[in-house]
Amino acid sequence: MAQLSNLMVYASMLVYTLALFLFAASLAARRVPLAAKQKVLVGAGGPQTVEADPGDDPGRRSGNIALSLSWLGTILLTIGFVLRGLAAERFPLGNMYEFSLAAAICVALVYLIAASRTDLRWLGVWVIGAVLLTLGLAVTILYTESAQLVPALKSWWLVIHVSAAALSGGAFTLSAGFTVAYLLRQRAEDRGTTDKGLASRLPSAERLDALAYRTIAFVFPVWTFAVIAGAIWAENAWGRYWGWDPKETWAFITWVVYAGYLHARSTAGWKGRKAAIISLIAFSAFIINFFGVNFFASGLHSYSGV
Amino acid sequence: MTTTVTPPAPTSGPSLGVRGWLRWGWRSLTSMRTALILLLLLALASIPGSVFPQRGTAPERVVDYITANPTIGPWLDRLGMFDVFAAPWFAAVYLLLCVSLIGCIVPRTAEFIGVLRRPPVKAPSRLSRMPAFETTTADVDTLDRAEAYLRANRWRVRREDNWVSAEKGYLHEVGNLLFHLCFIFLLVAVAVGGLFGWSAKVIVVEGTGFTGSLTQFDSFRKGRLVNPDQIAPFSVVLQDFTATFQESGQQRGAPRQFEADALVTQRPGAPEVAETFSVNDPLVIDGSKVFLVGHGYAPEIKITDADGEVVFDDAVVFLPRDGNLTSAGVVKLPDLEQPFALTGLFLPTAVIDPVMGPVSVFPAANDPQLFLGAFDGQVPAGGNVYTLDTSGLNRIGTEALRPGQSWDLANGMTVEFVGFRDFANVTVAHDPGRWFALAASVLVILGVSMSLLLQRRRVWVKVTGDSVTVAEVAGLSKSGGGKVHDDVREIAVTLREQGK
Chain S
0 MAQLSNLMVY ASMLVYTLAL FLFAASLAAR RVPLAAKQKV LVGAGGPQTV EADPGDDPGR
60 RSGNIALSLS WLGTILLTIG FVLRGLAAER FPLGNMYEFS LAAAICVALV YLIAASRTDL
120 RWLGVWVIGA VLLTLGLAVT ILYTESAQLV PALKSWWLVI HVSAAALSGG AFTLSAGFTV
180 AYLLRQRAED RGTTDKGLAS RLPSAERLDA LAYRTIAFVF PVWTFAVIAG AIWAENAWGR
240 YWGWDPKETW AFITWVVYAG YLHARSTAGW KGRKAAIISL IAFSAFIINF FGVNFFASGL
300 HSYSGV
Chain H
0 MTTTVTPPAP TSGPSLGVRG WLRWGWRSLT SMRTALILLL LLALASIPGS VFPQRGTAPE
60 RVVDYITANP TIGPWLDRLG MFDVFAAPWF AAVYLLLCVS LIGCIVPRTA EFIGVLRRPP
120 VKAPSRLSRM PAFETTTADV DTLDRAEAYL RANRWRVRRE DNWVSAEKGY LHEVGNLLFH
180 LCFIFLLVAV AVGGLFGWSA KVIVVEGTGF TGSLTQFDSF RKGRLVNPDQ IAPFSVVLQD
240 FTATFQESGQ QRGAPRQFEA DALVTQRPGA PEVAETFSVN DPLVIDGSKV FLVGHGYAPE
300 IKITDADGEV VFDDAVVFLP RDGNLTSAGV VKLPDLEQPF ALTGLFLPTA VIDPVMGPVS
360 VFPAANDPQL FLGAFDGQVP AGGNVYTLDT SGLNRIGTEA LRPGQSWDLA NGMTVEFVGF
420 RDFANVTVAH DPGRWFALAA SVLVILGVSM SLLLQRRRVW VKVTGDSVTV AEVAGLSKSG
480 GGKVHDDVRE IAVTLREQGK
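Protein sequence lines, in the order shown, are assigned to chains S and H.
Position 107 of the first sequence, counted from 1, bears residue number 106 in numbering that gives the first Met the number 0, the numbering being contiguous throughout.
Position 44 of the second sequence, counted from 1, bears residue number 43 in numbering that gives the first Met the number 0, the numbering being contiguous throughout.
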């Protein structure tokens, strides 16, 4: 069954790769500025653009196929994840390989659900790229044979703490995508070059900023919960709820910098670009926590199995 | 004279100057910008805590680091880099942040109470300037309908002649204040735990036990306000310890189950109760918790002198050196007529590696062997009980033993490897602040969710025009977020539909 799980993971990677190409093709083919199809906020001075006929957009079709393929890849990956759990007869969150699968599923699902509510096909390259990168790392350097858990992980808190962390990872990745897009688009808007290059295919900076904020506003409580759930578990396993273990330290840094982003957004002089950069710093802290700490620091969270 | 907020000029009177400076300092400290910079500083200040080894978690690695880096090590030590989270500069950042936080939430709370006591604000004269704005035709009942609709949807409504003003989402601000307040509570709970809590580490060999007193602990960390005589007088006897390991595959040798059976006496005179504890499932005794955090082996060694008298007979704790529990330990007998010492390696599953020498290849005791070196000479009394400085000692023999085997030395002494027992590493912890910390954490999550997921917003409906009456619907978000656009659209659509 573990082999079948691996097969599913490889199959999903294949499907994701196809989706990635189609997303890229869709982005390259999109000539109509996306802003044209955004609902223009009512009020004087807004960009008065004519609503384009969707049929004109040659990227639309490949973008839709890419979205469907992404759903298929996510379903395959989820089956692989579930089989992995069945093979070991436990919740499959016991090492970095399994956590990476969970994080990849979360990134893809958060994106696909968001994409079903609003047009996010332009973000597909970033998201599916991140998913493929995570899966690539997972099957190569992080891969661990399916096995039982070490005693320290035998707790229900594993499921609660780790799935909250994986969900946070998914949404943080998405928000980082919005933020990078925002910075690109904002620069183009400041220079008045929104009609060419990549920036022409992105929504307005205002909208990107709002999307990034909304994603972080959703995920910040989830991340707070993940950290606190970890603290409760630590109290029950190690005898203290907080001990500045490297993983705890970087979880704290991630939390504090995202808190900084939320404050920056409502501080004069820090709105916009500076806040966006703080958010990207916070995302790098998360990535350091996710990958770096397991490889470069020794601490109590050494369950990677690598 | 300048009109911007700058420190008061020194020309103002001396008393006013001091007060002015204080006011300026306080305003700067409690501004959002300062809070933001302090937050980023706090993150930055935490980084060395994960880069350098820390005394709180790995004191032995700090010593190793300073030995390996003799030039920079002591300087890093002086800067507090090995004790970041107890360093004065770290404390300075978070204490300033706390003061800034309190200075922010107190006036905000007062302001919010004021908002709650006043009716919703007057409608602005030009609604079309609001971020959300729609128009629809109106009749005489439009404002009544708008008021009814808003009240039915639990807006706080103020009705005037030709406009309605409404506010919603007060829980956003409640959540915001709750979050910041409970964050302070959380820090207080951590401080209470630090002052009144204690934790201890004990190594317990199967068949022995320990009581909740200072003399029985191998290491003890206590808060400033803990009276060591008042530590819970419980006793725990470790009856049996079982460990199971992965037998095959890539993760062969990985631990799978640790379990300890113990007899627990809550206080002197209380009945003994048999309990089992394991990793993730601590013993709870009278407000303290007993955690199983590790294990190893303690070979039973019996030493007889040349006259046939037993001079040593005990289980000796050998500390594990690797994942397969290759374990090292010593026996020191400095008080004998001819001082005597043993150094040993205990290998639960022994092989002789051509390069590394004797080494264990599996953590369970499948083929246990004890490799001993015997010494005489000036055996040091005291010092570390797990290591022996063999300089100045004479090696008088080496031997490998299996359980039950004996070794007769040339000096007439006999060393017998009687058998072995498991030992457990146990942490005992008492933190009176933990329930307080938990409650504060739960409220922190509640507060931050309310603050980020709810939106505070205002809407207005205004009727204008003489012949053709127009209703203007406008809205303003007070907390960010686009919900007010939906509200305004919803109100306009409702008024339009009901008007037909």
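Please keep in mind that the hints were generated in silico from the structure rather than gathered at the bench.
Fair warning: this is a prediction, and the values are worked out from it, not measured in the lab.
It cannot be assumed that every hint is accurate.
[Unchecked claim] Computed from the model, here is a short list of chain H residues facing chain S with C-beta under 8 Å:
1. Q250
2. V272
3. T275
4. V278
5. G293
6. A363
7. L453
[What the hints assert, rightly or not] Subject to a maximum C-alpha distance of 16 Å in a straight line, what follows is the list of computed EDC-like cross-link-like pairs (lysine to aspartate or glutamate):
8. S:K153 / H:D312
9. S:K153 / H:E110
10. S:K153 / S:E205
11. H:K301 / H:E398
12. H:K477 / H:E110
13. H:K301 / H:D312
Using N, Cα and C, we set each Cβ at its ideal position, and we do this for glycine too.
Do the hints match the structure? See the list:
no., hint, verdict
1, Q250, "holds (5 Å)"
2, V272, "violated (21 Å)"
3, T275, "violated (13 Å)"
4, V278, "holds (4 Å)"
5, G293, "violated (10 Å)"
6, A363, "violated (14 Å)"
7, L453, "violated (10 Å)"
8, S:K153 / H:D312, "violated (38 Å)"
9, S:K153 / H:E110, "violated (49 Å)"
10, S:K153 / S:E205, "violated (46 Å)"
11, H:K301 / H:E398, "holds (15 Å)"
12, H:K477 / H:E110, "holds (14 Å)"
13, H:K301 / H:D312, "holds (4 Å)"
The structure fails hints 2, 3, 5, 6, 7, 8, 9 and 10 (numbered hints given earlier, in ascending order).
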